[in-house]
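**Student:** Start from the sequences, fold in the hints, and give me the full structure.
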Amino acid sequence: MTVTLFIPCFIDALFPRAGISMVQILERLGHRVVVPEAITCCGQPPFNSGYWDEARAVAAKVLPQLANADAIVIGSGSCGAMLKVFYPQLFEKTPQAGLAKQISERTWEFSDFLVNKLGVTDLGANFPHKVTFHDGCHGLRELNLKKQPRALLANVKGLQLVEMSEAETCCGFGGTFSAKFPMISTAMGDVKCASATETSAEYIVSNDSSCLMHLQGLLSRQGNPLKTIHLAEVLNQK
Amino acid sequence: MTFVSQFLKQARVMTSDLRHRRIIRTALGNYEIVRDKRKAAFQNWQSARQLAAETKWEAVNHLDQYLEELVAKLEARGTKVHWASNSAQAREIILQIVTEKKARSVIKSKTMTSEEIHLNDALEHAGLNVVESDLGEFIVQLRHETPYHIVFPSMHLTRDEISELFQRELGSAATNDPEELTMIARDALRKKYITADIGITGANFAIAETGMISITENEGNARLTAALPKTVISLLGIEKILPKLDDLALFLPMLATMGAGQALTAYNTMYGGPRQPGETDGPEEWHVVLLDNHRTELLADAEQRDALQCIRCGACLNVCPIFRNVGGHAYGTTYSGPIGSVITPHLRGLHDWKHLSNASSLCGACTETCPVKIDLHHHLLQNRRNAAQEKPSASEQTTYKLFAFAANRPKLWNFGRKVARLFQPLQKPVKGTALDPAKAWTQTRDLPPLAKESFKDWWKKRK
Numbered sequence: 001m002t003v004t005l006f007i008p009c010f011i012d013a014l015f016p017r018a019g020i021s022m023v024q025i026l027e028r029l030g031h032r033v034v035v036p037e038a039i040t041c042c043g044q045p046p047f048n049s050g051y052w053d054e055a056r057a058v059a060a061k062v063l064p065q066l067a068n069a070d071a072i073v074i075g076s077g078s079c080g081a082m083l084k085v086f087y088p089q090l091f092e093k094t095p096q097a098g099l100a101k102q103i104s105e106r107t108w109e110f111s112d113f114l115v116n117k118l119g120v121t122d123l124g125a126n127f128p129h130k131v132t133f134h135d136g137c138h139g140l141r142e143l144n145l146k147k148q149p150r151a152l153l154a155n156v157k158g159l160q161l162v163e164m165s166e167a168e169t170c171c172g173f174g175g176t177f178s179a180k181f182p183m184i185s186t187a188m189g190d191v192k193c194a195s196a197t198e199t200s201a202e203y204i205v206s207n208d209s210s211c212l213m214h215l216q217g218l219l220s221r222q223g224n225p226l227k228t229i230h231l232a233e234v235l236n237q238k
Numbered sequence: 001m002t003f004v005s006q007f008l009k010q011a012r013v014m015t016s017d018l019r020h021r022r023i024i025r026t027a028l029g030n031y032e033i034v035r036d037k038r039k040a041a042f043q044n045w046q047s048a049r050q051l052a053a054e055t056k057w058e059a060v061n062h063l064d065q066y067l068e069e070l071v072a073k074l075e076a077r078g079t080k081v082h083w084a085s086n087s088a089q090a091r092e093i094i095l096q097i098v099t100e101k102k103a104r105s106v107i108k109s110k111t112m113t114s115e116e117i118h119l120n121d122a123l124e125h126a127g128l129n130v131v132e133s134d135l136g137e138f139i140v141q142l143r144h145e146t147p148y149h150i151v152f153p154s155m156h157l158t159r160d161e162i163s164e165l166f167q168r169e170l171g172s173a174a175t176n177d178p179e180e181l182t183m184i185a186r187d188a189l190r191k192k193y194i195t196a197d198i199g200i201t202g203a204n205f206a207i208a209e210t211g212m213i214s215i216t217e218n219e220g221n222a223r224l225t226a227a228l229p230k231t232v233i234s235l236l237g238i239e240k241i242l243p244k245l246d247d248l249a250l251f252l253p254m255l256a257t258m259g260a261g262q263a264l265t266a267y268n269t270m271y272g273g274p275r276q277p278g279e280t281d282g283p284e285e286w287h288v289v290l291l292d293n294h295r296t297e298l299l300a301d302a303e304q305r306d307a308l309q310c311i312r313c314g315a316c317l318n319v320c321p322i323f324r325n326v327g328g329h330a331y332g333t334t335y336s337g338p339i340g341s342v343i344t345p346h347l348r349g350l351h352d353w354k355h356l357s358n359a360s361s362l363c364g365a366c367t368e369t370c371p372v373k374i375d376l377h378h379h380l381l382q383n384r385r386n387a388a389q390e391k392p393s394a395s396e397q398t399t400y401k402l403f404a405f406a407a408n409r410p411k412l413w414n415f416g417r418k419v420a421r422l423f424q425p426l427q428k429p430v431k432g433t434a435l436d437p438a439k440a441w442t443q444t445r446d447l448p449p450l451a452k453e454s455f456k457d458w459w460k461k462r463k
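Line order of the protein sequences matches chains A and B. Mapped onto this note's numbering, the consecutive letters of the first sequence carry residue numbers 1 to 238. Mapped onto this note's numbering, the consecutive letters of the second sequence carry residue numbers 1 to 463.
Hints were generated in silico from the structure; no laboratory data involved. The C-beta atom is built at its ideal place from N, Cα and C for all residues, glycine as well. A few of these clues could be false.
Said to hold, decoys possible - Stretches of chain A that chain B covers, calculated by requiring three or more beta carbons in the stretch to come under 8 Å of a beta carbon on chain B:
# : stretch
1 : 15 to 28
2 : 50 to 62
3 : 182 to 189
4 : 212 to 220
5 : 223 to 230
Stated by the list, open to error - Example chain B residues on the side facing chain A (calculated, C-beta under 10 Å, incomplete):
#  : residue
6  : S16
7  : K80
8  : W83
9  : Q167
10 : L170
11 : V326
12 : S357
13 : N386
14 : A420
15 : L422
16 : L426
17 : D446
18 : L447
19 : P448
**Tutor:** Encoded structure:
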């Protein structure tokens with residue numbers, strides 16, 4: 001199958017290893033990976049701030065890039081939700097409504113694609129560490145991702161998953177929210193970090209780099225040795 | 001001070017109050033345990049939610065018919081019904097009744113709607129003695145505070161703080177025993193019921209089919225408020241309608257479950273109006289004040305109409321990470337938490353209250369928990385869109401126009417990334433200070449370094 005990989009701006013600029021891991025995993029599974037290089041961003045920042053015209057301007061350039069894709073895979077619950085859930089709303093009653101709907105139907109978050117589209121849960125990965133999983137809110141509540149990442153982690157050799165009590169609590173990132181209301185965002189992040197620390201895990205794993213950027217930012221600043229890592233990177237460890 | 005700067009100030013104060021955050025977290029942690037236990041007692045919680053949502057949706061969509069039915073039934077048994085378009089009218093109606101009765105004292109059971117119209121201030125201003133009879137409300141009234149939470153008005157206070165308050169205000173002895181504290185309040189309150197000329201209640205539900213006001217409570221105070229005074233006034237928003245009496249079979253346990261983790265609230269009463277001929281007790285006069293106060297505007301909003309389904313259980317507040325970290329008072333509104341952030345712009349103006357819709361990570365925990373399936377977090381997103389359409393912020397709009405301009409030019413975007421990477425080391429010495437352009441982030445968090453080789457660099461090279 002030809003898989004069109006959507007690389008979110010975060011992964012491109014800050015966490016390329018997550019993207020590289022996805023390419024390598026998909027290719028190892030025998031799929032052809034294409035990356036539309038003209039895509040920069042899904043348009044979520046203006047969308048979530050209420051500037052839908054500006055969001056539409058960005059998203060309108062994304063749509064034709066994905067028009068012929070059979071399967072669009074995104075390594076982020078958040079950008080995944082933007083394409084899958086919010087594009088149809090954003091383009092409602094516009095000439096691109098049909099295309100937005102088509103793209104929505106063909107879009108998969110990475111772990112969901114592996115588990116529910118390809119039916120793969122064992123990638124032969126090896127990651128001998130104690131980890132805890134952070135459910136990114138968009139992935140959890142917009143895309144219903146809960147079992148998929150755990151099914152994949154269950155088959156990683158040496159990996160021990162310890163659930164934290166606040167696994168489903170928001171990390172406090174929330175895009176521009178983190179800069180508009182930094183005190184609330186930080187307080188929320190502290191709750192999450194404390195819960196993750198309680199598990200005595202070495203890593204917080206998630207399928208959303210933006211949440212991990214927020215958590216890693218807090219952990220590093222506070223001198224907490226707990227590290228963050230994208231699910232795809234864990235699944236690509238040999 | 002504008003509402004937004006007030007909110008920001010309060011949010012700063014409250015998020016740095018670790019003691020307060022711990023109190024709320026503990027209280028709501030206990031709530032979650034009992035709530036989940038009660039939810040599990042439903043045969044199928046998700047279908048119960050679906051049925052509740054459909055029932056309220058039906059009520060809201062045929063509000064005109066159900067209100068007429070309710071009023072006809074209420075009037076048939078002698079209740080006087082008043083319609084109030086806004087807060088001022090509602091206050092006026094109530095003041096007029098109070099004046100006609102030459103009343104001097106008023107006893108109230110818990111009603112958030114009276115908070116919404118600032119009734120206590122108006123009554124006190126008119127020279128009346130007003131006493132809140134719900135224990136939590138009584139406590140915050142003694143502190144001259146508004147309720148902290150729509151269901152738990154004094155959840156932010158410890159028993160010691162309440163004891164100190166009672167010692168100061170009621171001259172009682174020091175104790176932190178909950179039962180003793182309750183008895184102190186009860187002693188003070190019992191006298192008030194007997195002397196009160198007027199009782200004022202709210203309503204949890206108004207049953208159209210039978211013309212009844214349903215009130216659910218744990219202390220028996222609402223029963224006394226509605227039974228002892230000669231005149232009773234019930235103030236309720238027009239959205240409190242339930243079509244049928246049978247609907248209570250679902251809504252009473254659901255409200256108790258989500259409100260306080262109870263199977264049923266201790267006292268559930270249906271009030272049918274004043275004393276009927278041949279009856280020996282009950283109030284001589286009963287008034288029902290039906291309040292609109294912008295609810296019909298929300299009704300006209302096809303996108304957000306479902307917000308009128310709210311049964312004020314407070315469940316969305318309890319799971320909201322914003323509420324849990326800033327607390328109820330920071331909002332500066334009658335209704336706080338997610339539902340407050342959704343409806344306050346409709347009740348009090350989008351421009352003044354849009355910041356509450358921005359003060360959300362859109363995590364959706366509220367929508368997930370809401371027993372009547374209000375699409376809360378998506379409504380926050382819609383409020384943001386409506387605010388940007390109505391009155392865009394010049395700086396934000398320019399930022400996003402530039403953002404869109406750059407995002408649509410991959411070469412420019414990539415160039416921008418490379419420039420930002422060159423400049424990133426310069427940010428280090430000023431990290432988190434006023435000179436740091438990213439200080440909103442870096443005051444409490446480190447920024448990750450931009451990768452030397454971006455994903456797309458790697459991809460190109462590889463090809």
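**Student:** Now, for every hint given, state plainly whether the structure supports it.
**Tutor:** To see whether the hints hold, each was checked on the structure:
1. Counting residues of the stretch 15 to 28 of chain A whose beta-carbon sits less than 8 Å from any beta-carbon of chain B gives 5, enough to reach three: the coverage restraint holds.
2. Residues of the stretch 50 to 62 of chain A with a Cβ under 8 Å from some Cβ of chain B number 8, which satisfies the need for three, so the listed coverage holds.
3. Note: the stretch 182 to 189 of chain A has 8 residues with beta-carbon separation from chain B under 8 Å; the three-residue rule is met and the coverage holds.
4. Only residues whose beta carbon comes within less than 8 Å of a beta carbon in chain B count, and the stretch 212 to 220 of chain A has 6; three or more means the coverage holds.
5. Check on the stretch 223 to 230 of chain A: 0 of its residues sit with their Cβ under 8 Å from a Cβ of chain B, so the three-residue criterion for coverage is violated.
6. Given the 10 Å rule on beta carbons, the hint for B:S16 holds: about 7 Å separates it from the nearest Cβ of chain A.
7. Of the supplied interface hints, the one on B:K80 is violated, with its beta-carbon coming no nearer than about 45 Å to a beta-carbon of chain A, more than 10 Å.
8. Because the smallest distance between the Cβ of B:W83 and any Cβ of chain A comes to about 35 Å, over 10 Å, the interface hint for this residue is violated.
9. Below 10 Å, beta-carbon pairs count as interface contacts, and B:Q167 has none with chain A, the closest being about 33 Å; its hint is therefore violated.
10. Because the smallest distance between the Cβ of B:L170 and any Cβ of chain A comes to about 35 Å, over 10 Å, the interface hint for this residue is violated.
11. Given the 10 Å rule on beta carbons, the hint for B:V326 holds: about 6 Å separates it from the nearest Cβ of chain A.
12. Interface restraint check for B:S357: the shortest CB-CB distance to chain A comes to about 8 Å, inside 10 Å, so the restraint holds.
13. A cut of 10 Å between beta carbons decides the hint on B:N386: the least distance to chain A is about 7 Å, and the hint holds.
14. Among the interface hints, the one on B:A420 holds; its C-beta lies about 8 Å from the nearest C-beta in chain A, closer than the 10 Å criterion.
15. Contact between B:L422 and chain A, as hinted, is not supported at the beta carbon level, the nearest pair being about 13 Å apart and thus beyond 10 Å.
16. A hinted interface residue such as B:L426 counts as satisfied when its beta carbon comes closer than 10 Å to some beta carbon of chain A; here the least separation is about 18 Å, so the hint is violated.
17. About 4 Å separates the beta-carbon of B:D446 from the nearest beta-carbon of chain A, less than 10 Å, and the hint is met.
18. At a threshold of 10 Å, the smallest CB-CB gap from B:L447 to chain A is about 7 Å, leaving the interface hint in force.
19. Given hint, B:P448 at the interface with chain A, holds; its Cβ is 5 Å from that chain's nearest Cβ, closer than 10 Å.
The earlier numbered hints that this structure contradicts are 5, 7, 8, 9, 10, 15, 16.
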